[in-house]
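Trainee: Spelled out from the first residue to the last, the chains are:
There are 2 protein chains.
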Amino acid sequence: MSKTGCFYCDKDEQLTNLMIEISKLPSSILYLNRDQTHKGRCIIAFHSHKRELFELSEVELTAFMKDVSIAAEAIQRAFKADKINYAIYGDLVSHLHFHLVPKYEGGPEWGEAFVNSPISRLLMKDSDNRERIEGILEQLKIVRGI
Amino acid sequence: MSKTGCFYCDKDEQLTNLMIEISKLPSSILYLNRDQTHKGRCIIAFHSHKRELFELSEVELTAFMKDVSIAAEAIQRAFKADKINYAIYGDLVSHLHFHLVPKYEGGPEWGEAFVNSPISRLLMKDSDNRERIEGILEQLKIVRGI
Numbered sequence: 001m002s003k004t005g006c007f008y009c010d011k012d013e014q015l016t017n018l019m020i021e022i023s024k025l026p027s028s029i030l031y032l033n034r035d036q037t038h039k040g041r042c043i044i045a046f047h048s049h050k051r052e053l054f055e056l057s058e059v060e061l062t063a064f065m066k067d068v069s070i071a072a073e074a075i076q077r078a079f080k081a082d083k084i085n086y087a088i089y090g091d092l093v094s095h096l097h098f099h100l101v102p103k104y105e106g107g108p109e110w111g112e113a114f115v116n117s118p119i120s121r122l123l124m125k126d127s128d129n130r131e132r133i134e135g136i137l138e139q140l141k142i143v144r145g146i
Numbered sequence: 001m002s003k004t005g006c007f008y009c010d011k012d013e014q015l016t017n018l019m020i021e022i023s024k025l026p027s028s029i030l031y032l033n034r035d036q037t038h039k040g041r042c043i044i045a046f047h048s049h050k051r052e053l054f055e056l057s058e059v060e061l062t063a064f065m066k067d068v069s070i071a072a073e074a075i076q077r078a079f080k081a082d083k084i085n086y087a088i089y090g091d092l093v094s095h096l097h098f099h100l101v102p103k104y105e106g107g108p109e110w111g112e113a114f115v116n117s118p119i120s121r122l123l124m125k126d127s128d129n130r131e132r133i134e135g136i137l138e139q140l141k142i143v144r145g146i
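Protein sequences appear in the order of chains A and B. Just so we're aligned, residue 1 is where the first sequence starts under my numbering, counting upward by one. Just so we're aligned, residue 1 is where the second sequence starts under my numbering, counting upward by one.
Don't take every hint at face value.
Which copy is meant is left open, so a pair is good if it fits within one copy or across any two.
Stated by the list, open to error - The calculated BS3-like cross-link candidates involving lysine-lysine, where the alpha carbons are at most 30 Å apart (straight line), are:
hint, residue 1, residue 2
1, K3, K83
2, K80, K125
3, K24, K83
4, K39, K83
5, K83, K50
6, K39, K50
7, K141, K83
8, K39, K141
9, K125, K24
10, K3, K50
11, K39, K24
12, K39, K11
13, K24, K50
Keep in mind the hints are simulated off the structure, nothing from the lab.
Okay, chain A solo, but in the shape it has when bound:
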């Protein structure tokens, strides 16, 4: 049963059915989206429960966007994406999070907004998820210089 009513805060089964933790970052957690229609699609969630970017202090906003930028670069490098799409929707699941969606020329929804369906369209085996996570972790280290 949900403790807070927010699965990003509870980190319960509702969350793990949708995504797999890749790494904690200074002000966020980066997850691999189980729907891998777009190779390397991730979600990055702010570490505490806020709804809008303008609810963050300047220090929080700077730190969060640094995490978002680093994660996007790592994803781009890991999969040689042609463009990263970044989106905060959250009308219903309002805990502040960006969808980070790598796009590929000739691939799904190139040149259009990516589909944001609650139903996974392309699920993968655990070993394949693991491989993608390892690829992102490797690039995260390089981008962060650690």
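Based on the hints, put chain B in the right spot on chain A.
Mentor: Using the frame of chain A, we list chain B on its own:
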């Protein structure tokens, strides 16, 4: 004829057919989207030609996201939106810009990703656009404390 091949840089008719300038901000320009399916929908474009958030320096990223945050708050306040959606796509028009899309409970695409059609779905009279721009400018002043 396009000078740079980017209408955000050229600020030509291709741009003015899609949007109307509201205000220059320290590192960006805020525009009212002519498609007002979502009351108060705007676009905020970085002042120079970059493609990805991670191409910005830390100083540029901080400044741009401060503009984005301020603009989103002004839009939310002007129209009492229930949630702001923020999205960078740009597979084809890659000059860094966020769609800032106010969402309303019971309104278009509440609880879903907003439709990002290149075809305007709800165009308004100039006087109505002007009224929305004035509403945003008024709130921008308050949010920026000027």
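Trainee: Each hint needs a verdict: does it hold in this structure or not?
Mentor: Verification of the hints:
1. In this homomeric assembly, K3 and K83 come within 30 Å of each other (Cα to Cα) only across copies, at 23 Å, whereas the closest approach inside a single copy is 37 Å.
2. In the homo-oligomer, the alpha carbons of K80 and K125 lie at most 30 Å apart inside one protomer (22 Å), although the nearest pairing across protomers, at 44 Å, exceeds that limit.
3. In this assembly of identical chains, K24 and K83 lie within 30 Å of each other by CA distance both inside one copy and across copies; the values are 24 Å within and 26 Å between.
4. Taking the closest pair of Cα atoms, K39 and K83 come within 30 Å of each other both inside a single copy (12 Å) and across two copies (29 Å).
5. For the identical chains of this complex, K83 and K50 are neighbours both inside a copy (27 Å) and across copies (12 Å), given an alpha-carbon limit of 30 Å.
6. For the homomeric pair K39 and K50, the shortest alpha-carbon distances inside one copy (28 Å) and between copies (23 Å) are both at most 30 Å.
7. For a Cα distance limit of 30 Å, the shortest separation of K141 from K83 inside one copy, 21 Å, qualifies, whereas the shortest one across copies, 34 Å, does not.
8. For a Cα distance limit of 30 Å, the shortest separation of K39 from K141 inside one copy, 20 Å, qualifies, whereas the shortest one across copies, 42 Å, does not.
9. Only within a single protomer do K125 and K24 lie at most 30 Å apart by alpha-carbon distance; the minimum there is 23 Å, versus 48 Å between protomers.
10. Taking the shortest Cα distances, K3 and K50 sit within 30 Å of each other inside one copy (17 Å), while across copies they are farther apart (42 Å).
11. In this homomeric assembly, K39 and K24 come within 30 Å of each other (Cα to Cα) only inside a single copy, at 21 Å, whereas the closest approach across copies is 37 Å.
12. Within a single copy, K39 and K11 get their C-alpha atoms as close as 24 Å, which meets the 30 Å cut-off; across copies the closest is 34 Å, which misses it.
13. Within a single copy, K24 and K50 get their C-alpha atoms as close as 17 Å, and across copies as close as 28 Å, so both meet the 30 Å cut-off.
Consistency with the previously given hints is maintained throughout, with no hint failing.
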